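Residue numbers (my numbering), protein chains in the order written: chain A, 1457 to 2130; chain B, 1386 to 1597; chain C, 193 to 487.
It is possible that some hints are incorrect.
Cut-off 25 Å, straight-line C-alpha distance, at most; resulting in silico cross-link-like pairs (PhoX-like, lysine-lysine) [what the hints assert, rightly or not]:
1) B:Lys1498 <-> A:Lys1673
2) C:Lys478 <-> C:Lys198
3) B:Lys1546 <-> C:Lys309
One side only, chain A facing chain C, incomplete, derived with CB under 10 Å [said to hold, decoys possible]:
4) Thr1585
5) Ile1668
6) Arg1669
7) Leu1676
Taking CB as the label site, the calculated pair distances span [to be verified]:
8) C:Lys430 <-> B:Leu1398: 57 to 63 Å
9) B:Lys1574 <-> C:Glu223: 44 to 50 Å
10) C:Lys214 <-> B:Asp1544: 37 to 43 Å
11) A:Lys2047 <-> B:Arg1438: 16 to 22 Å
12) B:Glu1562 <-> A:Lys1655: 53 to 59 Å
13) B:Glu1422 <-> A:Pro1641: 56 to 62 Å
14) A:Gln1518 <-> C:Ser423: 51 to 57 Å
15) B:Glu1462 <-> A:Thr1729: 22 to 28 Å
16) C:Leu275 <-> A:Glu2055: 18 to 24 Å
17) A:Asn1626 <-> C:Lys391: 49 to 55 Å
18) C:Glu393 <-> B:Glu1562: 53 to 59 Å
It is worth saying that the hints were derived from the structure and are not from the lab.
The structure presented is a predicted model; accordingly, all values stated were derived computationally and were not measured.
For each residue, glycine too, the CB sits at the ideal point set by N, CA and C.
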Amino acid sequence: MGEVNLVDYTKFRLKPAEEIREVFKGVGKIFILYCRKCYKKFEEDRVEEFDELLDILGEDSQKIVGSLGVDFLCNDFLSKKKISSLDLSICDSVGVISCGLGVQFVAQTLEGELVYTLADSLPQSGNSTSEVGYHGISLEKEKCCGCSQCYLNLTGGICPLINCPKGLLNGPCGGAKNGKCEVNPDLDCAWEKIYERVKKQGRKLILESPQIRDYSKPPLKLQKDLSLQNQTFRDESFYGGFHPLEKKEETEEKRVESFPEPKIVTIFLSQHTGKKAKPLVKPGDKIRVGQKIGEADGFISSPVHSSISGKVISLKEEIHPLSLKKDLAVTVENDGENKFDSSIKPGKDFENLPKDGLLKMIREKGIVGLGGAMFPTYVKLSPPKPIDTLIINGCECEPYLNSDNRMMIEHPKEIFTGISIVEKILGVKKIFIGVEDNKLEALTILKSSPHKSSSVEVASLKTKYPQGAEKMLIKRITGREVPEKGLPLDVGVIVLNVATVFAIYEAIMKGIPLIQRVVTVSGDGAIKPGNYLMKMGTPFKEIVEYSFGNKGEELFKEYELKMGGPLMGTSQLSLNSGIIKGTTGLTLLRKFPVEASEERECIRCGRCVEVCPMELYPLYYAFYGKRGEWEKGIEYQVENCIECGCCEFICSSKISLLGFIKKEKEYAHNSNKA
Amino acid sequence: MLITQIKPEEEILPKISLKRLFIIECPGCEEVYFPAEDVERFINRLKEEIIGRVSLDYLCNREFVKEYLRYYSKKIEEAEAVLVFSCGVGVQIVSSLLEDKPVYTACDTLYLKGFQGLRVQDFDCDQCGECYLNYTGGICPLTNCPKGLLNGACGGAKDGKCEVDPEADCAWILIYERLKKSGKLGILKKVLSPRNYQKIITESLSREEVKR
Amino acid sequence: MSFAEKLKNGNFLITSEVGPPKGVNIDKHLEEAETLKGKVDGFNVTDLQSSVMRLGSLVVCHLLAERGLEPIFQITCRDRNRLALQSDLLSAYILGIKNVLILTGDHPVLGDHPEAKPVFDLDSVSLLKVASTLAEGKDMKGNELDGKPEFCLGAVVNPGADPLQPQLIKMEKKIEVGAKFFQTQAVYDLGEFEEFMNKAEKFKVPILGGIVLLKSAGMAKYMNDKVAGVSVPERYIKMMREAKKGERAKVSIQIASELIKGMKNLCQGVHIMPLGWERYVPEVLKASELIKKEH
């Protein structure tokens, strides 16, 4: 990486000392709020301006009765929460060190309090005929004044409004000496640069008709409409998140097909949260479809069953597709006979089964959450606290994926029956199915299904990522906020994925354990994209051969293979792993010329804060992670992170934030244990 | 963070039609606003002229754009012109890295209140370099009054609404109300000196450039 | 006696208005003004009124002065930066124009060149201050001038503004920086005007109440809807509506004179804005019993 000049776009600096002293003359007790700045290299976690203020004030600094540094003070949503939690009764005024946005926001929030600004904004345009200038989401020299009548086509891509202090549109003023501007000899004459650039491109300096700027642009109305549109778009349903390209078209209308019978399957003994299952088979054993091959080990654990009939060929460690660490797996060679285990018998009418019996079946059949987290379902359905609401999650907000969508379209009856089973277990009064409004077909089918009981309400939710995350979903549907570090059951709610409900149906009504699931296979360069019913343990290798062409491990040169979707999915290192219970999809993504890296520097653009649905400040995870100060993650509530990936997706410096977050979470987890 | 709009077709088509075009779109601020549908419609009209099309985020980051352009260099070489869909910053970066190639923009850029910071807001900062908010109850007269008046209302407000934009409140009435509430109406009697426009040139140029 | 001297003497003052044309035919305007010679104390010449491009205020002031009429040069902050404003004030003085009415000016988007760049480099208060500074022999940066101009500075106030207090505060500021007289926005409600005068009295600066001749009921309603601080009472609207077409001017004159008579005991003068009906001004004055004797 060559040397690059970065501009420090800090938006403000302290007012002149005399002015500050003047303000302090009229002040008794003051509380100071200071913004931690934006658009500068994030090199140290400290705001000089506050120390400077103390210096200027000398004895007067005793008037300061409290202070608070806020990241991105102008983030009204988060800052409001912070400011309203302050006890300002101790002071008669509030001083703000920030740009004009922060001050105005504080003054608006604390209407009636005396709010003083202690800082001046720093001008940016460099051109007093276009007074305001804006940079991009990076710290380059190039700026734009948002004139809404871009002249760059005429000027070879050099903006005359920003680069010429007179903002001339029709050629140089004639005042340049040796190519330098007469207003500021440090500057090159913009029009000479324009002339050179255009010449290089083999174009003539285009002097079409004389250009006259239209200062009535952009119309107020347009600006207002766009602002409003943006504000509603950004904050619809919940704070944070974003609207990614959905990329669902490719498999949206593909009916679920059975994936060709795998030659072998690699079934991990850990396909659930909690302790891994104890193996019940050894190499050489002949086993049947649905036979239990691993026994639950403890309360939070789950049994594992074989998805095919055949011979166990190994019991050894393989790379687990989720943890990416070596983990014990049973590899079975398919005999192609599909002989079912004797334990598989259609169930009796569930209405006549006791609650305990149903729960036991759900445990025995190895049902876990299929949305990806794989939490043992019977544990979830045995809540230690009263539950009044059940939410079935059919959001599937990840791009590319359609497995839940297809289940809802093709199996409404099974889903509603599954819901009735859960309803019986939990005895809840209110049941919702939450579906994003981009899944119109599923919504229509569910709403009009004859199997839908009156206790179930189908909720159409705005399409926004991560609407499907439990906490967002609960907030959107019930208005309740799951407390920090809390669980849905703390607010009387249980959330189950639609595919989990289907698996419950299969287990109770047909006696089939969780040995297969629907997986969306999609992405760049997919030959046979689709939604496939796959047996657990089907190796990625066979899927890649079938759907992406026979690329083998070569694939990783050009592509990234993700188990799950592009945002929350896990990037695979080898093709030897296989489908597990939490595999919602396999997505192939072409590698981008610039990939996320842990090396790059944060410029405090604040966008990660703006998209974090958990209202965290992800930039600090990278900042302290890079320094190896993993314990700092706890201070910034890393345990609340749901790893939705919004911050990494949006990061303007392409920093792999999730890498840091995972390490900090692990640190937090370990220190909790200790 | 800036907002882009597609330019009128009659302005841009004569410049680029019948050229072999390489198209670069920047969805970097997509969650803010990117006129995706308009872009699609526009590109469809140019179909035959297009020899390559890529969507690359953060065209405002020179380091990234260098990598992108290296990766797509062959295609770009074949192209007669590059057409960029991004804000003014992105276009300037791309064209400065492709000096020999005509780089056109298909967009006009505008700015929304509050983007100076983080989110679209109902208030804005004009980067004046001499904050007046201490005299105006924390309501900026430069950005809220279309005339940017510093010494009180122009008298044109009707029912508290601005005569330039009847949907907007008169900034000076808001300022008056705010100061009245905090018992500081006396502040309004101070005659504020005119803006110092020199600051815009001298102080934006004195910004520190940090090497990395 | 000059306008400034009359101000000092505490005369009841009458001013009228000349709106320069869009174009160069100025004779009619000058002739109309001349018919008022000796009847009014000064003529405001508007500065691109309503942000519509027209002949300039300064040159029309000069033409009036040449004819022995006393001009009041209106100058707005809309189109000139601080250099041009100061320079034009000096030019005015050279041409013998000392009365200056300083306003902020309408925003260009409301006029016929909405694309124009709004300048507003200074505002009415700061321009008044600058004009006062010039009269002290210095420019706004403190540089010495070669020779001192003299000005009689005026400003405007809107007595019907709601809320009124910010207007009063601004008025006070204008006085502080050199405003010697005020002309007001059109007054139709004498009760409201009296209230305003009670509050403004303490400033001890002459105030000339604004009179706009109503041309029709439609115009009255338009002003009620759109113009800040103007509320034409229903009674006047009714009078205008019921007037036959040929009678309208007569009714309008009647209304104006009623208002002017009412103002005589409230304020220190009237400022008549005929908006094209300059020809009726003598009749208004006559009906208001304000015809002055030749001096």
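Now for the hints, and whether the structure bears them out:
1. B:Lys1498 <-> A:Lys1673: Roughly 14 Å separates the two Cα atoms, so the pair holds.
2. C:Lys478 <-> C:Lys198: With Cα atoms ~21 Å apart, Lys478 of chain C and Lys198 of chain C stay inside 25 Å; holds.
3. B:Lys1546 <-> C:Lys309: holds (22 Å)
4. Thr1585: At about 8 Å, which falls below the 10 Å cut-off, the nearest Cβ of chain C leaves the hint on Thr1585 of chain A intact, so it holds.
5. Ile1668: holds (8 Å)
6. Arg1669: holds (7 Å)
7. Leu1676: Given a least distance of 8 Å, the restraint on Leu1676 of chain A holds.
8. C:Lys430 <-> B:Leu1398: 57 to 63 Å: The hinted range 57 to 63 Å holds for Lys430 of chain C and Leu1398 of chain B, with Cβ atoms some 59 Å apart.
9. B:Lys1574 <-> C:Glu223: 44 to 50 Å: Since Lys1574 of chain B and Glu223 of chain C have Cβ atoms about 45 Å apart, the given range 44 to 50 Å holds.
10. C:Lys214 <-> B:Asp1544: 37 to 43 Å: violated (31 Å)
11. A:Lys2047 <-> B:Arg1438: 16 to 22 Å: Hint holds: Cβ distance 18 Å, inside 16 to 22 Å.
12. B:Glu1562 <-> A:Lys1655: 53 to 59 Å: holds (57 Å)
13. B:Glu1422 <-> A:Pro1641: 56 to 62 Å: Distance hint for Glu1422 of chain B, Pro1641 of chain A is violated at roughly 47 Å.
14. A:Gln1518 <-> C:Ser423: 51 to 57 Å: Holds, at about 54 Å.
15. B:Glu1462 <-> A:Thr1729: 22 to 28 Å: At 53 Å between Cβs, range violated.
16. C:Leu275 <-> A:Glu2055: 18 to 24 Å: violated (52 Å)
17. A:Asn1626 <-> C:Lys391: 49 to 55 Å: holds (52 Å)
18. C:Glu393 <-> B:Glu1562: 53 to 59 Å: Hint violated: Cβ distance 25 Å, outside 53 to 59 Å.
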